[in-house]
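Peer 1: Residues per chain, in single letters:
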Amino acid sequence: MAVEDLAQEMDAIVRKERSLWAESFNRLFKNKLAVISGFFIIALVIVAIFAEFFAPYHYAEQDLLANSAIPEWMLFLLPEGAENYARISEAYPLAADNLGRDILSRTIYGARVSLAVAFVGSAVSLMVGIIYGMISGYSGGRIDSIMMRVVDFLYAFPFLVVVILLQTYFKAIARRGGGSGIGLVFINMNNEMGGMLFLFIAIGLINWLGMARIARGQVLSFKKKEFVEAARAVGANDTRILVKHLFPNILGPLVVAETLAIPGYIFTEAFLSFIGLGVDAPTASWGIMISDAVQGLRSYPNQVLVPAIALSLTTLAFNFLGDGLRDAFDPRQKR
Amino acid sequence: MFRYIIRRILQFIPVLLAVTFFTFVMMRAIPGGPFDFAGDRSLPPQVVANLNARYHLDWPMWKQFLSYVVGDEMLGEEGSSRGLIRGDLGLSLRYRGQSVNDIIATTLPVSAQLGFMALLLALFIGIPMGTIAALKQNTWIDYTSTFAAVAFLSIPNLVLAPILIWIFALKLGWFPVATWGAKPPYLWGFLPSLEQMNIDYFKHAVLPVFALGTSSAAGIARLTRASLLQVVNEDYIRTARSKGLRERTVIIVHALKNSLIPVVTIIGPAFAALVTGTFVVELIFGLNGMGKHFVNSIGNRDYSIITGVTLLYAIVLVIANLLVDISYAWLDPRIRFD
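Protein chains in written order, with this note's numbering: chain H, 1 to 335; chain Z, 336 to 673.
Just so you know, the hints here were simulated from the structure itself, not pulled from any lab data.
Be careful, since some hints might not be right.
[Said to hold, decoys possible] Computed footprint of chain H on chain Z, listed as stretches where at least three residues anywhere in the stretch have a Cβ under 8 angstroms from a Cβ of chain H:
(1) 363–372
(2) 441–454
(3) 647–656
[Stated by the list, open to error] Under 7 angstroms between C-beta atoms, here's a sample of chain Z residues computed to sit facing chain H:
(4) ILE344
(5) LEU345
(6) ILE348
(7) VAL350
(8) LEU352
(9) SER489
(10) ILE490
(11) PRO491
(12) ILE619
Please read all numbers here as calculations on a predicted model, not as lab measurements.
Here a beta-carbon is modelled for each residue, glycine too, at the ideal position from N, C-alpha and C.
Generate coordinates for the entire structure from the input sequences, incorporating the hints supplied.
Peer 2: Below, the structure is given as C-alpha cells:
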C-alpha cells in the first residue's frame with residue numbers, strides 16, 4: 001500500500017514538472033475556438049497544397065461561352081429579373097467568373113497565395129526581426145540605441161505606401177526582364193511563382209520592425225536572469241547564450257505576435273492584388289477575384305461572395321488561433 | 336511639455352525628408368516614365384525629350400531632388416518649382432496644367448471627411464461596446480460582442496465594401512451606390528459647406544464610413560474591454576467604491592479614463608489603417624479622394640503626385656503619433672515629458 005501511495009505521489013510530482021511549453025499547449029487545446037481554427041488552417045493548407053486534386057478545373061482554364069455561368073440554386077443571389085440574362089449551367093459548382101473560369105477552383109488555388117504570403121511573409125519578418133532585435137537588446141548601450149533609432153525612424157514611413165512603391169518597382173523590373181546575376185535569378189524565380197516572390201519580400205521587409213521591438217524587449221528582460229549568468233559562468237560565449245539560452249525563452253511572445261500579424265499580411269496581399277500590384281494574371285488570388293467581381297457587382301454579386309467568404313474565414317481562423325496562443329502562452333494576459 | 340513638442344516636431348524634419356527622398360528616387364528608378372504610352376498613342380522621341388526638359392527629368396537625380404526641395408530659384412535655374420520649403424509640391428506630370436497642391440486641395444477633403452467620420456464611428460461604437468462587454472463579463476452579452484469584434488476585425492474592408500453595396504445599395508436601395516455628397520468649395524478648405532451638409536450628404540457617407548470604420552471599431556472594443564477589466568481590479572477602484580460612490584461614477588470617472596490609455600495607443604495605428612483603408616474604399620465606392628488618385632498615379636508614373644501624396648501621408652502619421660503621445664500625459668498624470 002505504502003509503495004503505491006508513494007508511486008501515486010511521485011506521479012503527481014512528475015505531472016507537475018511538465019515543461020512550460022507542454023503546459024501552454026495543454027491550455028491551448030482547451031480553447032475550442034482556437035483548436036477549430038487550427039484544424040481549419042491545417043485543412044486549408046492541405047487543400048492548397050493538393051489544389052490540383054481538389055479543384056475541378058485548372059485556375060486558368062476558361063470557357064468564354066460560359067462567362068458568368070451560374071448554377072440554378074445560386075440564382076436567388078442575383079437581382080430581380082436575372083432569369084432574363086443569367087446563363088444557367090450546372091458545370092460550375094459555385095458559378096464561373098466573367099471570363100468563364102470556375103470560381104470554386106480559383107478560390108482553392110487562391111488559398112495558395114494567401115497561405116504562402118501568411119507563412120513566408122511571417123517567416124521573413126520573424127527571422128529578420130529576431131536577429132536584429134536580439135543583437136540590439138543583447139549588445140545594449142550605444143549599439144542598442146542606434147539600432148532602435150533606426151527602427152523608430154523606419155516606423156515613421158507610411159507602411160502601405162512603401163509596400164506599393166516596392167511592389168511597383170519589383171513588378172516593373174520583372175516585366176522588363178533581363179538583368180544579370182542574382183537579380184536575374186530572382187526575376188526568373190518570381191516569374192515561375194506567378195509574381196509571389198517579390199510579394200513575400202515586400203511584405204516581409206516591412207513587418208520585421210514590430211518583431212524586432214518585441215525580440216529586443218524580451219532579450220532585455222531575460223539577459224540579466226540567473227540562467228544567463230550561469231551559462232556565462234561555465235564559459236558559454238555570446239552566440240551560444242543567444243541561440244541556446246535566450247532564443248527558446250523569447251520565442252513564445254514572438255510567435256503569438258506573428259500569428260496575430262498574419263491577417264494583416266493576407267489583407268495586404270489581397271489589397272495589392274486588388275489594385276493590380278499583386279500576383280500576375282492568370283494566377284488566382286482572392287484579392288484579384290474580388291477585384292474582378294466588383295466590376296460586375298450589379299449583375300453578378302455572387303462572384304464576389306465566394307472569395308470574400310474564403311478570405312474572411314481564413315483571417316478569422318488566424319485571429320482566433322492567435323488569441324488562443326496568446327492566452328495559452330502568456331497566462332498573465334488572460335482575463 | 337512645450338519643449339517636448341518642439342523637439343518632436345524638429346525630429347520630424349529628417350524623417351519627412353527621408354520619406355520624400357525615398358519616394359522621389361524610388362519612383363524614378365521604376366522602369367517606364369510618365370510620358371510612355373503604348374502603341375499608337377506613343378509620343379515621338381523629340382516630344383518626350385521636350386517634356387522631360389520642361390519637367391527637369393533630364394537633370395541628374397541630385398539636382399532634381401534639390402530643385403524639388405529648395406526650388407529652382409535657389410539653384411539659379413529657370414523653372415517652375417518654388418520648392419518644398421515654400422510648400423510647393425510641383426506640377427502634375429499627367430494632369431496638364433494642374434499643380435499637385437491643387438489636386439490635393441480638391442481630393443484631400445473627401446478623404447479627410449471620410450477618415451474622420453470613420454474614426455468617430457470607431458470610437459463611438461468601439462468604446463461603449465467594449466465597456467458594456469467588460470461590465471457584463473462572462474454573460475452572453477460579453478460573449479456575443481467579443482465574438483462580433485473578432486469577426487469584424489477579420490473582415491477586410493475589401494470584402495465589407497462590396498457586400499455593403501450589394502445589400503444596402505443594390506438589394507434594399509437605402510443608400511446611393513457611389514460618389515461623395517460634398518463638392519468644392521469646402522468650408523475652411525476641408526469641411527462640406529453648410530448647405531451641402533444635409534441628409535443627402537450623410538446618406539452618401541453611411542456605407543463608405545461603415546466599410547472603413549467597423550474593423551477599427553472592433554479593435555477598439557476589444558482593447559477597451561481588456562483594459563477596463565484590468566483597471567476594475569485595481570485598488571483605487573475599490574477605494575472609490577468603498578467611499579460609497581455610485582457605480583456609474585466609479586466606472587465613468589475612475590475606471591474608464593484610466594482604461595483608455597491602451598486605447599489611445601491603438602488610435603495611432605488605427606488612424607494609419609484608416610488612411611490606407613481609404614485607398615480601397617475610395618476605389619470601390621468611386622469617391623474622388625486622395626487614395627484613388629494615388630493608386631491611379633502609380634500606374635501613370637506621375638512622380639510629383641506620388642511624392643507629394645506620400646509626403647502628406649507621412650505628415651499625417653507623424654502628427655497622429657505625436658497627438659497620441661501628448662494625450663498619454665493628459666490621461667495618465669504619472670507620465671511626464673521633459
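Peer 1: Compare the structure with the hints numbered earlier in the document and write down the numbers of the violated ones, lowest to highest.
Peer 2: 2, 4, 5, 6, 8
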